[in-house]
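Trainee: Next come the chains, spelled out residue by residue.
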Amino acid sequence: GAVVSQHPSWVICKSGTSVKIECRSLDFQATTMFWYRQFPKQSLMLMATSNEGSKATYEQGVEKDKFLINHASLTLSTLTVTSAHPEDSSFYICSAGGYLSYEQYFGPGTRLTVT
Amino acid sequence: AQSVTQPDIHITVSEGASLELRCNYSYGATPYLFWYVQSPGQGLQLLLKYFSGDTLVQGIKGFEAEFKRSQSSFNLRCPSVHWSDAAEYFCAVAMGFQKLVFGTGTRLLVSP
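Protein sequence lines, in the order shown, are assigned to chains E and P. Going by the numbering used here, the first residue of the first sequence is number 913, and it counts up by one from there. Going by the numbering used here, the first residue of the second sequence is number 22, and it counts up by one from there.
Same shape as in the complex, but just chain P:
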């Protein structure tokens, strides 16, 4: 079945610490991969995307993600988290045109 899994519902990190959010997908064809961030009561903001080429992609706000085809993963990383990064993070996979499948989201909490 086509699906996107974010195994961590909540993650708490200290400000200034590094962060990795996990995303795995199940899809038989070439995936087009996205990470979005959603602040409370807000819409989605695109952090980064991967379509092809270099499997390490850079995004906004200092985030990066690495596509690993062998592991069907697209994990999001940040070297130093800021308090303003506290939000909900969604991994999404385009499984064909007009079909964007979202993970269940990971809530990031940042402690001082």
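Next comes chain E alone, as it looks inside the complex:
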């Protein structure tokens, strides 16, 4: 399967600051990228879906102004958590998918801790 990387793997930031997480598809042209959030001992919750060159589609209840997603190229998507607060602390996982594909390739995740 395709290889997807995330950077950073772990980040600590202070409340009120913003943090950017990168998701790269290393050997695969990802027409679609997905961002998930996972709370401890829970399943993955889809936050948003982004198609290359288009605005992201956010799931109900996800604040689009807080979680800014950019998918400027077929290999890179970014998630920016703006004005982060402790409740934003979580494990964020991205995945990449191809055009009209049912399969997604997952990154290793980024653990965000907001103090």
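Bear in mind the hints are in silico, worked out from the structure with no lab data behind them. Computed from a prediction, not measured in an experiment: that's the story for all the values here. A couple of the hints might just be wrong.
In the DSS-like style, the derived pairs of lysine-lysine whose C-alpha atoms are separated by at most 30 angstroms in a straight line are [claimed, not checked]:
hint	chain 1	residue 1	chain 2	residue 2
1	E	953	P	82
2	E	953	E	976
3	E	932	P	120
4	P	82	P	70
5	P	89	P	70
6	P	89	E	953
7	E	932	E	976
8	P	120	E	953
9	P	120	E	976
Which bits of chain E does chain P cover? Going by a derived footprint, with three or more residues having C-beta under 8 angstroms, they are [as the list claims (entries may be wrong)]:
hint	stretch
10	947 to 956
11	1020 to 1027
Simulated restraints, written as ranges between beta carbons of each label pair [what the hints assert, rightly or not]:
hint	chain 1	residue 1	chain 2	residue 2	range
12	P	120	E	913	14 to 20 angstroms
13	P	91	E	985	42 to 48 angstroms
14	P	117	E	978	26 to 32 angstroms
Ideal Cβ positions, reconstructed from N, Cα and C, are used throughout, including at glycine.
Put chain P on the given structure of chain E with help from the hints.
Mentor: Just chain P now, with coordinates in the frame of chain E:
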């Protein structure tokens, strides 16, 4: 409603014993089925998938799963569990393009 159910939150098996993790789904069209494993603090690793054909699929690490359309199930099995198999296991169903629905996960504990 479209959903994926993993009825077992935790399962404990002895090392060397067999294992079956249950997964049921509710979806009106042809499902595309996946099992993923997640070690603590890690991302998801694909164990196996079913799209079509033989309903018994083989995956990595000695795992297999069987699709039973009549029961809307896709149970994961392992004939002999190793201590390193202790992890969280997620069943997922692609319900259309760009829509992967996950179960709540089953935590596997392996006792010596």
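Trainee: For every hint, state whether the structure bears it out.
Mentor: Structure-based check of all given hints:
{"no.": "1", "hint": "E:953 x P:82", "result": "23 angstroms, holds"}
{"no.": "2", "hint": "E:953 x E:976", "result": "25 angstroms, holds"}
{"no.": "3", "hint": "E:932 x P:120", "result": "25 angstroms, holds"}
{"no.": "4", "hint": "P:82 x P:70", "result": "14 angstroms, holds"}
{"no.": "5", "hint": "P:89 x P:70", "result": "14 angstroms, holds"}
{"no.": "6", "hint": "P:89 x E:953", "result": "28 angstroms, holds"}
{"no.": "7", "hint": "E:932 x E:976", "result": "14 angstroms, holds"}
{"no.": "8", "hint": "P:120 x E:953", "result": "22 angstroms, holds"}
{"no.": "9", "hint": "P:120 x E:976", "result": "19 angstroms, holds"}
{"no.": "10", "hint": "947 to 956", "result": "holds (count 4)"}
{"no.": "11", "hint": "1020 to 1027", "result": "holds (count 3)"}
{"no.": "12", "hint": "P:120 x E:913: 14 to 20 angstroms", "result": "19 angstroms, holds"}
{"no.": "13", "hint": "P:91 x E:985: 42 to 48 angstroms", "result": "45 angstroms, holds"}
{"no.": "14", "hint": "P:117 x E:978: 26 to 32 angstroms", "result": "27 angstroms, holds"}
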